Amino acid sequence: MKDGKPLVLIVEDDIDTSDNIKARLIQEGYEVIACFDGLRALEIIRKQPVDFVIVDLMIPGLIGYHLCRLVKFDERFQHLPMLVLTAKTDTKFKQYSERAGADRFLTKPFDMNRLIAIVGSYFKGTDKDGRGIA
Amino acid sequence: MNEVEHQWDNQEILTVYSSLEVAATARNILSSARNLFSPDSGSLMLYERKRRCFSVVSAYNLPREVFSSVIRMGEGVAGRVAKQRKPFLFVGEVNKYSGFTDINPRSEITSSLCLPLVSGVAIFGVLNLNRKQGSLKSSYGKEEFENAIEFASHAALAIKNARFAETIIKQNRYLKAADLSRATIISELLHELRTPLSALRSSIDNLLAGVFGALTSEQKLKLEKMVTQIERIDGMISRVHKSAQKELKLKKTLLSRIVSDAFDSVEHLLDENSITTEIDVPQELEIYVDASMIEQAIVNILTNAARYAGYGASVTISAEKEDESVLIRIYNTGEPIPEEEMEKIFEENYRLPKHSNIEGSGLGLPIAKKIVESHGGKIWVEPCGGKGAMFCIRLPLR
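If you read the sequences in order, they're chains A and B. Just so we're aligned: the first sequence equals residues 1 to 134 in my numbering. Just so we're aligned: the second sequence equals residues 1 to 398 in my numbering.
Only pairs whose alpha carbons sit at most 30 angstroms apart, straight line, appear in this in silico DSSO-like list of lysine-lysine:
hint : chain 1 : residue 1 : chain 2 : residue 2
1    : B       : K344      : A       : K88
2    : B       : K242      : A       : K88
3    : A       : K92       : B       : K251
4    : A       : K92       : B       : K344
5    : B       : K378      : A       : K94
Note that these hints are calculated values from the structure, not bench results. All of these numbers come straight from a predicted model, not from anything done at the bench.
Turn these sequences into a full structure, and let the hints steer you where they fit.
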């Protein structure tokens, strides 16, 4: 939580997709940090009060589900919601992600409204300024 | 050459050769020669181009030891006959013939027909028919010699055709493997398309959501149509991806048969690297699979072993039934796979850093994994105490 707004971390190496998610989330009232590397993401999560993570499966450094596993197996972050985003449509990637502890799964090309709805569902009772978190 | 066919038939013609196609032909040739020319003993030697020598693949009324003798071009009687590409009729002792004076005659043989199997300038083998002392038949004469020459030219063609058929069978296997890799690559490329499509879609979604300012209703309508088109492309990608995945043709098959076919297709690779093999698969064990696909998976693992286990290594394949599944173990005595790499080697285009200089696509093991998983099975590498590498495949029996 930063200035009362939920802080969302986007880990995505496709700049355009990352920029689009970021712009929309900011409009929806979230604070956003973006990076494109799994190891950098881990560093950010450990240093900053991140409230939600959107992670692409195929990212440099540390692939998506390894990042999920490392985050979820750390007691401090086991409740940090993580959404996996991927161009891989095979159900096995969804299974891998779930096994690694990912909470949600979306395949590309995704519907931005759906993405926003998923993120929003984790902050029920929160208005755009992040007040009144449940 | 491995000895895989090794059996006496009722005519007591023994045939030893690794290829069923050529072995059957060799047996037929010797069997016909026996009927036509009534020899007391005889043999058929085939030429191995790679080793540049002749070895006996089929024999009649000769000691088993003849199978282990190897004759070079120009050596012995058969080697000289082959080198000259000229048929010979020997009556009496062979060393009275010019060009053969240094050969030790076998006193029990009274006459021989020694026929090179030639087609064009290519030599395929040598057919040797003998009459012995004490035989009721007389020595071979001119007429039989001429008939035998005619017979040998047909025999050469039969061997040539059998080799040709064998090559086609092998190439067919390669093509099947290549086709499978291509399907995998296409499906990967299609997935790559989803990334730019996603960037496009998210931009449009943002425009529609007014992230970059308000839009007229006409602009919105156009953008919504663009979203529909993107969804259409996405649907096409899914459909092509689905059709690129091969449908399984499941059938009850002997595992031992699949394994021996797999070894046949990598024989040349194993030979090149002097890799010895051992097969320990229960003969009667049946599995319900797409045999050509499972064979491909095993071929890929064997190819890997041939490439990376190192010169002179050995490969062992064993299988056992476990409840409702069968466990296949493929072990090679090469370098062990580091524990942290055991999962990664099944990822597409991943190659062990130290192997980056060895030829290979990095697709062999991922394809093997795809095949095994498509059968509801599992493939993994088991640590074996720093000695060699152990690949395991578990398949449901069904």
